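Whenever a hint applies, use it, and build me the whole structure from the sequences.
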Amino acid sequence: MLDLNSKLSSLEGALKAELSSVKDLKSLDEFKIKALGKKSELYQLTRNIGELDPAQRKTAGALINKLKTYIEQNIAELEAGLKTDDNKNKLSSEVLDITMPGRVYPLGASHPVTQVLNELIEIFKPLGYSIANGPEIEHEYYNFDVLNIPREHPSRDMQDTFYIMDNVVLRTHTSPVQACTMLQHTPPVRILSPGRVYRSDYDVTHTPMFHQVEGLVVDRGIKFSHLKGTLLYFAKRMFGEKTSIRLRPSYFPFTEPSAELDVTCVACKGKGCRICKNTGWLEILGCGMVNPNVFKYCNYPDDVTGFAFGMGIERIAMLKYKIGDLRSFFEGDVRFLRQFQ
Amino acid sequence: MRISLNWLGTFLDIDKSKASFIADALTNRGIEVEAIEFQSKGLEKVVVGKIITKDKHPNADKLSVLSVDVGKETLQIVCGASNMKSGDKVAVSLVGAELPNGLVIKKTKIRNVESSGMCCSMSELGLSKEASGIIILPENAKVGTHAAEVLSLDDVFITVATPPNRGDVLGYIGIAREVASILEQKINYSVTNVKSTAKGAGGLEVEIKDDHCYRYIGRLIKGVKIKPSPDWMIRRLEAAGLRSINNIVDITNYVMLETGHPLHAFDLRQISGAKIIVRHAKDNEKIKLLDETEKKLRTSDMMITDPKKVLAIAGVMGGIESGISDDTTDIIIECACFDPSSIRLTSKFHNILTDSSYRFERGVDIDFMGQVMEKTTALYKELADPKEIYEPVDVITRKRSERVVELTAKAATDFIGVNITDLEIEKLLTPIGFHVSKTGSTLKITVPSFRNDVTMKADIYEEIARLNGYDKIPAELPAVVISAEFSDGTNDERLKNNIRNILKGFGYLETITYSFVPDNYHTLLGYSDDDVIKLKNPITETMKIMRTSLVTSMLESVKYNFNHRNMDLRFFEIGKTYLSRKNSGHIPSPTETIANEQEYICGICTGNVINAADWTRGTKPENCNFYTVKGEVATLLAGLRIPSFDFVDINPGKAKYLHPGASCAVKCCGKECGYIGKVHPDLAHKFDLGGSDLYIFELAFDHLKLVANAGLSGKELPKFPLIRRDLSFMVPIEVRDDKIRSNIKKAGAQSLKNYGVFDLYNGKGIPEGQKSMAYYFVFGSDERTLSDSEVDNSMLKIIDGLKKEFLINIRT
Ligand SMILES: [Zn+2]
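Quick mapping for you: the protein sequence lines, in order, are chains A and B. Residue numbers for the first sequence follow the working numbering, so the first one is 19 and each next one is one higher. Residue numbers for the second sequence follow the working numbering, so the first one is 494 and each next one is one higher.
Don't take each hint at face value.
To be verified - Result set (DSBU-like, lysine-lysine): computed pairs, CA atoms no more than 35 Å apart in a straight line: (1) K314(A) / K892(B); (2) K1198(B) / K289(A); (3) K903(B) / K340(A); (4) K903(B) / K143(A); (5) K1198(B) / K287(A); (6) K965(B) / K295(A); (7) K997(B) / K314(A); (8) K965(B) / K254(A); (9) K1037(B) / K340(A); (10) K511(B) / K260(A); (11) K1164(B) / K287(A); (12) K254(A) / K1198(B); (13) K143(A) / K1164(B); (14) K997(B) / K143(A); (15) K289(A) / K534(B); (16) K997(B) / K254(A); (17) K287(A) / K534(B).
In case anyone wonders, no lab produced these hints; they're calculated from the structure. Given the structure is predicted, the values throughout are model-derived calculations rather than measurements.
This is the structure:
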């Protein structure tokens, strides 16, 4: 027994000394095998227990186990420590330069005209407007006559209108769509007609093709005040809650009364600036109550009333996105288009 | 029209300091004020000075050196004028003045002599455009006081833009009427008849042979004296932008500005038999006009003539021969009323726009013409010392019928949305000349003769709304009425936005190009002249024909971008093409469709498809090619939920704008509806894009919208694992993927779920005429896990099938 005791204590000393020199997980694994493996002294001692007196076996076994447990504990502690260190090393060796750019995909963009049009549709949809489309090559009859534009009206001139034949034009507004809708449907009518329109003009503020959206509401009991309410709703959603509107009397052959709509200048918020010529207001669209003569052309009953409004989409886009030159909308320069991602 | 408030102030009480209030009120009534100008602006530092000495400039013959007393000090001023002498009172611009013409006065040296100020001419003070010499002020002008006061330069001008239907406000009286109702005043305007000094018309005869002339008043005045007009008249004409000519001509213009009614004066000597005939022009008749241009007339042009010749284009411009000259003594004054459309058509056709035609086009007051003539005659009597004034000759062919509109206050209230009473209507309308009477609840509203634009109820509602103020109208939303009928366009827009969003994800930018193209583009694409729609009046050479395809528009945009050094491009457009319906040689009736307008989506790309400066991908650019575009189109179609689509060979003769070996047609649900491919080098060359690889796709939106948005249904996910096998083999280079795929399909291998090519190689190590292809095969069962031997059997079947049809060489 004494013999075993001294053996165990010298083994304990040797193992502890060796363990203290273990500095990494790999040598710890080697140590594990050396200290506890099948070739280890401890294992040998365990196996030799059978050779002892039966009376001494129990005590010897307990002593050996105690040392084994002690060594195992030490190994576990050291292992936990080494693993933490190792993780730290690994993480620190994996540090990235997070200031380098990520992989960016080239994102396309909708045309600014499309974006404004979509916004307009979203604004008017909840009010029950549907979208109506129509041809761009149009009969003079629908482009002018039905809209109460007299034969000698200046807008019919070759200087302003593109002609295909004597009585066929490129539509100068999307109003023919409204007329055709009324000719095909009985009231109530509530439509938005967007699209390309054409006028014979070409400079910084005019292009021979541009886009319009026109709205038309016809029903019994439609009032001028409904037009005003609709335009206020539109202006606030398009240009911001704080936008005010102002209606000024004007003249269009297809509406009576007619008005022009001004909204608070988007640039100076009404204080007055170069863009609004110091008035604080910007002219946005033309509108009015549908002229009874138009209803007559469309065979509508006498007791219906309605309002219509029309605006240039590019004009809105120029104000909203601060675009200076109308022509840039149609040049297709990708540097221009990319700004509207 | 530029209105002088001093002049306007002769018709009603005007406080010029309230000019901006008046301007705002006019704008709110639909007579838009575009500008307000104060005449004294810029003249704050112009004072009365007295010339004490006048000496010759030592270094310049034409200059004088003046010493001028300006009150506080005596200034030395170098002056280039010669019309002054010592002792004269002059208008001196002090150093620091900024004159109306923008000139800033500084202390300066002129030919080595110091000059501290400037003696002003009329034009420098914003008065007359033709200035000769400096202004000599009256002797009693007080030295040192404001010259503007001495010269009565205290006017305020407002420039108004009148709406095209309001002919009545093209004269001072009309504006005065509106302003008077704003200020709640009555206008003070009366015309007293001038006593004729001679009995009868003095031999003047008037005959109207063209019924577009409704009324003609002529008057003979003999022995007038031609001289300059008085200063006050010149100033008033100049305020409106008219040049003073002589008293005779100026009076016609002056009365036109005052009343809005154009007038004309003829020289009696040039009028045969003192007879005026209003008639149509004869074919090929010509006239030399006052502006010395010669016009060849059309028979629809209305002319003022004498029995022998044409004298003037009625209502537009007088002829030079019958005009007033320096030795004119006897004149005929014309005050007429013409049909607005007739004047418009003539003025437009001959491209002559005058103050006269402008007013006649918008309609004049036929009932007021007598007074206009009297007013004119009165001015001649006052300013031209006539010997004899004859009685006027007045011929009327069409009398104005009185217009009465009946309505109720309730109807007006319902229409405008503002509560309005009978009394309020009367209060609003009466001051601007309407007469309102009442029977029961109905209001009878008599329209004044000068309001040609008011004919029906809606016009009166407009007057009420406008005079009451648009700002008083409440803003309210009408009740929402949604009709199921109108939905087509909404769905189209949604689908287009889907397309845009998917293409956006690939990096495509949306563009919008002009619908018209040069007149050779359609031939480049194989269309004939009969197929296209031509503009009768194109604005430029490059915008003559409605495009037959978006392809040329895309190529043009590529060219534009290349010219601006944008080399890596991907963009698309959704837009229409326009084709003639061919049978429409005749003038189509309104029920006929004129053109085939079809919507397309067309995209183009060239160059690097990814960010060229992306370190994560290395420095190698990834150029787009046929397969990148084909893949994008396939992804797009899948994203639009087209239930089935396929890419097939292009039918012979079609889509010749594409490279024949690198292009395909797109079939959606069995119908061909587009093309993908490399742009044919010949076409690229025509756009100076010869050296570039351009890939393009076009899809017919009109077909896509019929088949897109197929319904979705979720399926149960596979319960058992899928097994993938790969097979690579060499095969003759001409064997196409579609042939291999259909062969695989034909083999009918059990449990084959999915298959396709995943590698293609024909580089080093592959024999000439061969290519190496690798396919993947995915097997699976819904009932159980497949065994290896089952999959092996299926693969054997596939390999057998391939071997039977192609000379393939399996690679292991
Ligand atoms: Zn502003």
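| query | Taken at face value, is the distance from the CA of K143(A) to the CA of K903(B) at most 35 Å? | reply | Satisfied, since the Cα-Cα distance of roughly 32 Å is no more than 35 Å.
| Pair hint K289(A) and K534(B), alpha-carbon separation not exceeding 35 Å | Roughly 24 Å between the alpha carbons, so the hint for K289(A) and K534(B) holds.
| query | Is K511(B) close enough to K260(A), meaning Cα to Cα at most 35 Å? | reply | 30 Å, holds
| Is the straight-line distance between the alpha-carbon of K997(B) and that of K143(A) 35 Å or less? | Between K997(B) and K143(A) the Cα gap is close to 24 Å, so the pair holds against 35 Å.
| Is K143(A) within 35 Å of K1164(B), Cα to Cα? | 34 Å, holds
| Is the straight-line distance between the alpha-carbon of K1198(B) and that of K287(A) 35 Å or less? | Cα-Cα ~43 Å, so violated.
| message | Does K892(B) sit within 35 Å of K314(A), going by the straight-line distance between their CA atoms? | response | Holds, at roughly 28 Å.
| field | Given hint K1198(B) paired with K254(A) - CA-CA distance at most 35 Å | value | The hint holds at about 34 Å.
| field | Hinted pair K1198(B) and K289(A), Cα distance within 35 Å | value | This hinted pair is violated, its Cα atoms lying about 48 Å apart.
| message | Can you confirm whether the C-alpha distance between K1164(B) and K287(A) stays at or below 35 Å? | response | The given pair, whose Cα atoms are some 54 Å apart, is violated under the 35 Å limit.
| said: So if I understand the rule, the pair passes when the alpha-carbon distance is 35 Å or less; does K1037(B) with K340(A) pass? | reply: Holds, because 31 Å separates the two Cα atoms, which is no more than 35 Å.
| request: Assess, step by step, whether the Cα of K287(A) is no farther than 35 Å from the Cα of K534(B), and give holds or violated. | output: 29 Å, holds
Checked against the numbered hints above, the structure breaks hints 2, 3, 5, 7, 11 and satisfies the rest.
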